[in-house]
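Novice: For reference, the chains in residue letters:
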Amino acid sequence: MAAGPHAYGYLTQPEIRFLDAAVARLIPADELGPGAKEADVTYFIDRQLVSVWGTHGRNYRSGPWQEGTPEQGFQSRLTPQEIYRAAIRETNIHCLKQYGKAFEFLTPQQQDEVLHGLEDGKIEIESLSARLFFGLLLRNTMEGFFADPMYGGNRDKVGWKLIGFPGVASSTYNEYLDKHNVPYRVEPVSILDIQEGRVKVDAQGYPKHVMSDGIKQESGNDSH
Amino acid sequence: MSCRTGSNKKVEMTVTKLKPVDIVVVGTGVAGSILCKELADTGLKVVGLERGRMIDPQHDFAMPYVHDELKFDRHSDIFQNLSRETITFRNSMNQTALPMREMGSFKPGECVGGTAVHWGTHTRRFLPWDFETRSRTIERYGKAQIPEDCTTQDWGITYDELEPYYDQFEHLYGVGGKAGNLNGEIQPGGNPYEGPRSREYPNPPAPGNYAGSLFAKAAESFGYRPHPNPTAAQTQAYMNPYRLMLGQCVRGGFCSSHGCAMGAKASPLTTVLPVLLKQQNFELRPLSNVIGVNLDSAKKRAVSVTYVDARGREMEQPADLVILASYTFNNVRLLLLSGIGKPYDPVTNQGVVGRNYSYQTGGKVSLFFEDKVFNPFMGGGARGTSIDEFNGDNFDHAGLGFFGGAFVGVTNSGATPIRSTHVPPGVPRWGSAWKKAAAQYYNRTFTITLHGGCQSYRTHYFDLDPTYRDANGLPLLRMTFNWAENEKKMSAWIAGKAAEIAKAMGPSKMSVSPTTGNYSIVPYQSTHNVGGAIMGPDPATSVVNKYLQLWDVSNVFVVGGSAFPQNSANSPTGTIGTLACWAADSIKDHYLKRPGPMV
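Protein sequence lines correspond, in order, to chains S and A. So for the first sequence, our numbering puts the first residue at 2; every next one is plus one. So for the second sequence, our numbering puts the first residue at 565; every next one is plus one.
Careful, some of the hints might be misleading.
Computed Cβ-Cβ distance ranges for the label pairs, DEER-style [to be verified]:
1. Glu749/A - Pro71/S: 46 to 52 Å
2. Val1086/A - Thr56/S: 16 to 22 Å
3. Pro805/A - Arg78/S: 49 to 55 Å
4. Lys98/S - Arg617/A: 46 to 52 Å
5. Gly58/S - Gly876/A: 14 to 20 Å
Covered stretches of chain S (chain A as the covering partner; in silico rule of three or more C-beta atoms under 8 Å from a C-beta of chain A) [unchecked claim]:
6. 17-24
7. 78-88
8. 91-103
9. 124-135
10. 155-167
11. 170-177
12. 202-214
No lab work stands behind these hints, which were simulated from the structure alone. Remember, it's a predicted structure, so these values are computed and weren't measured experimentally. From the three backbone atoms N, C-alpha and C, an ideal C-beta is built for every residue, glycine too.
When you get a sec, could you build the whole thing from the sequences and use the hints?
Specialist: So this is what it looks like as structure tokens:
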């Protein structure tokens, strides 16, 4: 399954290639199914970067700027947009020096080496702490794998299918709560599915879940 | 009047002076909404000022859009907008406090209804011991049990005095639970350690789930008495005393951090505001951020409050009675900005405003199974099972080297995948091994959580930050806080007890994580910040008297978590609402008849 064509709002082509390669190592495609690249996590990150969050629109952004202690949390003067732009470029400079190639062209083992180096702070990049960049990249990758597909990632709900998360709840969970140790496996429903009319909802806006064995969920709540 | 800017320049700005009203209430969360309603019922003209925007649950929390974890848990626009105002934080007095630039450890709300719009609905009364912590600890163990720098004190009010108001609040919020102590008689199935209650909960408890039933069985094998968590997510359709209908919770998850599409989560939006907004003598002004309380020249009486409205205009609202009922941080900050009460100085141990900031102590035991599935996405509203054997002073602390405790339990408010995809200890954070573990364990894990109390200490406090300012140019509130040895010992010892229960359930893997090291403002812990404008019997060590009335300025009341002298292990919202009911009655029955100091 290839990622579809997308209109990117912030990331440049080299940045997209870097992130496609990086997120494919963080959550790889394997025998369990698609990984973060196939889930369109790069596109998710791009859309996050053009959102209010991409410029830390709801964060406190006044100086003076000090690094502080780990307990004091995020203290960079850079926004997520600026962090991705600077850190991808500077990580690629490191890769060219170390391996003679940009990150996307390294072997998977070399890519893991670089990612571990960023994670542990063993690789130094100029504009910010490598750990800070890695933490942001990992966080956004997980978000892009598990957030509702309406944000551009979690394509075909692959993240939810992997772990068995049903997405938008049905209104009939109360009927299942005393069925102990019985897995509730359904075709997940996303907000995007409902927006695009693929899944119908009841009068209160709740979808009916279709069991993974194809049987439509019984509903005792049809009266409203 | 001059206005502040980010630099030290002063810009002249006109202030519009409004027509006087009888009562102005700052904040429309749990406390403010109840005070507005109860006081508007006297017929007096009441204005509620709210810094956040108006919420229409029908639109703001409509299905399916409210089942959006990324928006509500990560980027919520009903949490405080830190770009305009935050706090600064440091672990100790010798550090430089830095601004909390992004939301982490706690999530104060910013909208009509306040933090209770997205709360978790756990509504456990405080223990009688919680109100008399210092005197009862000394009585049982002697003075040496309390560390020298510990400033924990009695509240100046007892559980018995507040019991009728707990009852009032629980009926207002439709709490579902099982009484453990009815008028002194222990009831099977309830929490036998709770203070005596005058009647049953208004709604039945939520039925248990699989993880809760395993926990209950294991806990019983040790002789503990598990009981259902009391929850304000309605366990059945319910009409409250204001004749408002609340829907039944469907346990669809997306609960804590989220608004509720079913109108099942009790909050100001569902329990109070729909009737209050119809009262002609009440006016709600959203997007109105109060920046100061103005006193008369003798500094003995408040004459008005100043706020910045949605258009950025400074407005002065005169009132006979001013009630601060906003989040802990803002109640304390408004007193400091307004020059009301003596600011606390930890060096001299003098002053009161900002003294005794406290939080809650965590800890957890995570269990992973191969042969059991829990459907953890089904949940909501603090649904779960707990034991109270290790809470407060419910156990003998002799020789343990700490006092205070935690309640221990299994709670499921709906495991959304970004924050609740847990993997066993030792699994890497990413890569194929992570992916395999995530797929295997998302549905096969649950957590036993320690909800621990937190004592107060001389060096844990609020003051105004010397450097950082808000969007109005006013100093931010500065928090100085760290975990104390007492709380770390408590968390470690109780985590050991929780681990014994966990082992009895036979997990294939488990991890035990008590509170250790320094407090960090980064990971979410709880929105249970309390203290700084505490109540008490003595003006030398408290800001407000037992009626929540300022000692120094008798026509100002300060109601909220800010009044707690230290923190109980139990979630604070129920007690905040209870204090609001108590303060409202005190004002109606006594203050309004004879305005002036009530003590």
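Novice: Count the residues of the stretch 91-103 of chain S with a beta-carbon closer than 8 Å to any beta-carbon of chain A: does the count reach three?
Specialist: violated (count 0)
Novice: Mind taking a look at whether chain A covers the stretch 78-88 of chain S? Criterion is 3 or more residues with CB to CB distance under 8 Å.
Specialist: violated (count 0)
Novice: Per the hint of 16 to 22 Å, is the separation of the Cβ atoms of valine 1086/A and threonine 56/S within bounds?
Specialist: At 21 Å between Cβs, range holds.
Novice: Holds or violated: 46 to 52 Å for the Cβ distance of glutamate 749/A and proline 71/S?
Specialist: holds (51 Å)
Novice: Check, residue by residue, whether the stretch 124-135 of chain S contains three or more positions whose beta-carbon lies closer than 8 Å to a beta-carbon of chain A, and give the verdict.
Specialist: The restraint on the stretch 124-135 of chain S is violated, since only 0 of its residues have a Cβ under 8 Å from chain A and three are required.
Novice: For the stretch 202-214 of chain S, do three or more residues have a beta carbon lying closer than 8 Å to a beta carbon of chain A?
Specialist: Holds, because 5 residues of the stretch 202-214 of chain S bring their Cβ atoms closer than 8 Å to Cβ atoms of chain A.
Novice: Per the coverage rule (Cβ-Cβ under 8 Å, at least three residues), is the stretch 17-24 of chain S covered by chain A?
Specialist: violated (count 0)
Novice: Evaluate the given range 46 to 52 Å for the C-beta pair formed by lysine 98/S and arginine 617/A.
Specialist: Taking Cβ atoms as reference, lysine 98/S and arginine 617/A lie about 50 Å apart, which means the hint holds.
Novice: Using the Cβ atoms, figure out if proline 805/A sits within 49 to 55 Å of arginine 78/S.
Specialist: holds (52 Å)
Novice: Do three or more residues of the stretch 170-177 of chain S come closer than 8 Å to chain A, measuring C-beta to C-beta?
Specialist: holds (count 7)
Novice: For glycine 58/S and glycine 876/A, compare the CB-CB distance with the range 14 to 20 Å and indicate the outcome.
Specialist: Given a distance of about 18 Å, which is inside 14 to 20 Å, the answer is holds.
Novice: Quick check: the stretch 155-167 of chain S, covered by chain A? Criterion 3+ residues, Cβ under 8 Å.
Specialist: holds (count 7)
When held up to the earlier numbered hints, the structure conflicts with 6, 7, 8 and 9 and fits the remainder.
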